[in-house]
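Asker: Take a look at the letters that make up each chain.
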Amino acid sequence: MKSHVWRPLYLVLGLIALVLIARLFIVPKGFGVNEQGYMYGFYRKANEAEWKSLGAKYKTSEYCKNCHADKIATRKDSLHAAIPCENCHGPAGNHPDNPPKLEIDRSRELCLRCHAYLPYAASGRATITGINPEMHNAGIECVNCHNAHNPKREATR
Amino acid sequence: MITRRDFCKKTMLVAGGLSLPLAALEIFDPKKLLAEKADKARVRWVFLVDTHKCVGCGFCVKACKLENELPLEANVARTWVERYVVTRDGRIYADTPNAGRDGFTNDKIALGLGKYQQVKKENIEKAFFVPKLCNQCENPPCVQVCPVGATYQTPDGVVLVDRSWCIGCGYCVMACPYGMRFFHPQYRVVDKCNFCYHRISNGMKTACMDACPFGARRIGNIKDPGDPVTKIIMRERVGVLKDEYGTKPQVYYLGLSKEVK
Numbered sequence: 001m002k003s004h005v006w007r008p009l010y011l012v013l014g015l016i017a018l019v020l021i022a023r024l025f026i027v028p029k030g031f032g033v034n035e036q037g038y039m040y041g042f043y044r045k046a047n048e049a050e051w052k053s054l055g056a057k058y059k060t061s062e063y064c065k066n067c068h069a070d071k072i073a074t075r076k077d078s079l080h081a082a083i084p085c086e087n088c089h090g091p092a093g094n095h096p097d098n099p100p101k102l103e104i105d106r107s108r109e110l111c112l113r114c115h116a117y118l119p120y121a122a123s124g125r126a127t128i129t130g131i132n133p134e135m136h137n138a139g140i141e142c143v144n145c146h147n148a149h150n151p152k153r154e155a156t157r
Numbered sequence: 001m002i003t004r005r006d007f008c009k010k011t012m013l014v015a016g017g018l019s020l021p022l023a024a025l026e027i028f029d030p031k032k033l034l035a036e037k038a039d040k041a042r043v044r045w046v047f048l049v050d051t052h053k054c055v056g057c058g059f060c061v062k063a064c065k066l067e068n069e070l071p072l073e074a075n076v077a078r079t080w081v082e083r084y085v086v087t088r089d090g091r092i093y094a095d096t097p098n099a100g101r102d103g104f105t106n107d108k109i110a111l112g113l114g115k116y117q118q119v120k121k122e123n124i125e126k127a128f129f130v131p132k133l134c135n136q137c138e139n140p141p142c143v144q145v146c147p148v149g150a151t152y153q154t155p156d157g158v159v160l161v162d163r164s165w166c167i168g169c170g171y172c173v174m175a176c177p178y179g180m181r182f183f184h185p186q187y188r189v190v191d192k193c194n195f196c197y198h199r200i201s202n203g204m205k206t207a208c209m210d211a212c213p214f215g216a217r218r219i220g221n222i223k224d225p226g227d228p229v230t231k232i233i234m235r236e237r238v239g240v241l242k243d244e245y246g247t248k249p250q251v252y253y254l255g256l257s258k259e260v261k
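Line order of the protein sequences matches chains Y and A.
Read in the working numbering, the first sequence has 37 at position 37, and its numbers run on one by one without any break.
Read in the working numbering, the second sequence has 29 at position 29, and its numbers run on one by one without any break.
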């Protein structure tokens with residue numbers, strides 16, 4: 001058969017070869033079908049480890065306890081004992097190296113997250129002492145009168 | 001006329017020729033691979049939300065955003081808290097201002113477009129809070145639609161996004177019936193709740209669970225029969241969201257109400 005008949009075929013074969021070669025370079029290593037099958041497990045395996053290796057910023061109160069056991073002790077029998085330190089003090093990160101000092105959220109808004117009265121009997125809010133933010137000493141920080149670590153004790157400020 | 005020798009030769013050739021391509025052409029068998037999914041993995045992460053305990057403080061949302069480097073001001077969130085107020089005359093109001101990042105501190109229910117609705121105490125039939133997060137479905141539709149293999153289900157059941165491989169087409173954002181996916185304003189790829197995969201894989205709890213003072217959020221391993229979360233899911237009355245979609249969501253709710261969508 002004449003060569004011009006075959007020429008388009010060579011062209012197509014050449015293109016396929018080109019795609020296959022390009023694929024070698026573009027597709028990352030470890031890409032393929034993994035444990036979860038074709039439908040859910042078609043991915044680059046190394047990405048799992050990348051996600052796992054991210055550092056945690058919130059270190060939990062157990063981490064705080066290592067140095068600040070005295071503060072934790074003041075909250076032991078407190079109504080606020082269940083509140084993690086980092087909710088008000090901010091994420092520990094690599095404290096005390098970085099950040100050396102945590103910024104404490106003493107704002108009224110922080111307390112109001114739980115203590116603003118809402119008439120929602122079906123929710124957990126009903127079990128918490130609630131105030132009307134507009135009536136109850138509006139504009140003044142709660143910590144001026146209340147002890148955040150242990151509300152039954154005197155304020156420290 | 002064919003000789004016996006030729007006949008034997010040709011028979012063997014045809015038999016060999018038939019058997020070889022059958023094995024060689026079997027590039028993959030999805031059913032077989034799916035069957036292999038019935039797995040040896042010892043961990044399958046699930047989540048339990050107790051809506052009775054939620055007070056709508058929003059500490060979980062704030063912790064999630066800081067832990068997972070989502071700008072607090074950005075109008076996207078990996079987890080959020082919804083408020084439902086059902087009135088005595090049957091109307092249902094639901095809102096989640098700033099995803100509940102700053103908690104619910106007043107009774108003004110956002111209706112959108114800067115409009116608010118207040119419902120008097122005596123008109124409230126029931127009102128409660130519902131935290132939402134990725135359901136890490138057993139059959140995740142978001143994974144099925146990804147055209148490039150950038151999102152996937154890990155062997156322990158969590159759906160992750162490969163940030164270096166996502167092309168930002170947004171198919172998965174549309175596919176998720178729970179609206180869990182969004183574009184990360186800084187990474188410019190799709191982001192979603194992944195049960196704080198970096199924490200749970202290293203022996204910690206999720207950031208939202210650690211931030212919740214009331215124990216409304218709990219993570220567990222459904223393959224461990226001794227896990228307290230597994231015990232609750234197996235023995236108590238739990239519900240899931242949008243069961244009818246067939247996605248097999250793995251976030252279980254205690255105290256779910258029919259108003260919750």
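Calculated from the structure, these hints are not laboratory results.
Among the hints, erroneous ones may be present.
[Unchecked claim] For lysine-lysine, the following PhoX-like pairs were computed, each having C-alpha atoms within a straight-line distance of at most 25 Å: (1) K205/A <-> K52/Y; (2) K121/A <-> K231/A; (3) K152/Y <-> K53/A; (4) K57/Y <-> K205/A.
[What the hints assert, rightly or not] Restraint-style ranges between C-beta atoms, simulated for each label pair: (5) N139/A <-> K2/Y: 53 to 63 Å; (6) A46/Y <-> Y116/A: 47 to 57 Å; (7) G112/A <-> I72/Y: 14 to 24 Å; (8) A46/Y <-> N139/A: 37 to 47 Å; (9) T127/Y <-> E69/A: 29 to 39 Å; (10) V240/A <-> V19/Y: 39 to 49 Å; (11) R4/A <-> I16/Y: 36 to 46 Å; (12) P71/A <-> I26/Y: 30 to 40 Å; (13) Y116/A <-> I104/Y: 26 to 36 Å; (14) L9/Y <-> R42/A: 51 to 61 Å; (15) A49/Y <-> V148/A: 16 to 26 Å.
Owing to the predicted nature of the structure, the values given are computational and were not obtained by experimental measurement.
Cβ coordinates follow ideal geometry from the N, Cα and C atoms, glycine included.
Asker: Could you work out which earlier hints the structure fails to respect and list their numbers in ascending sequence?
Answerer: Per hint list: 2, 7, 8 violated.
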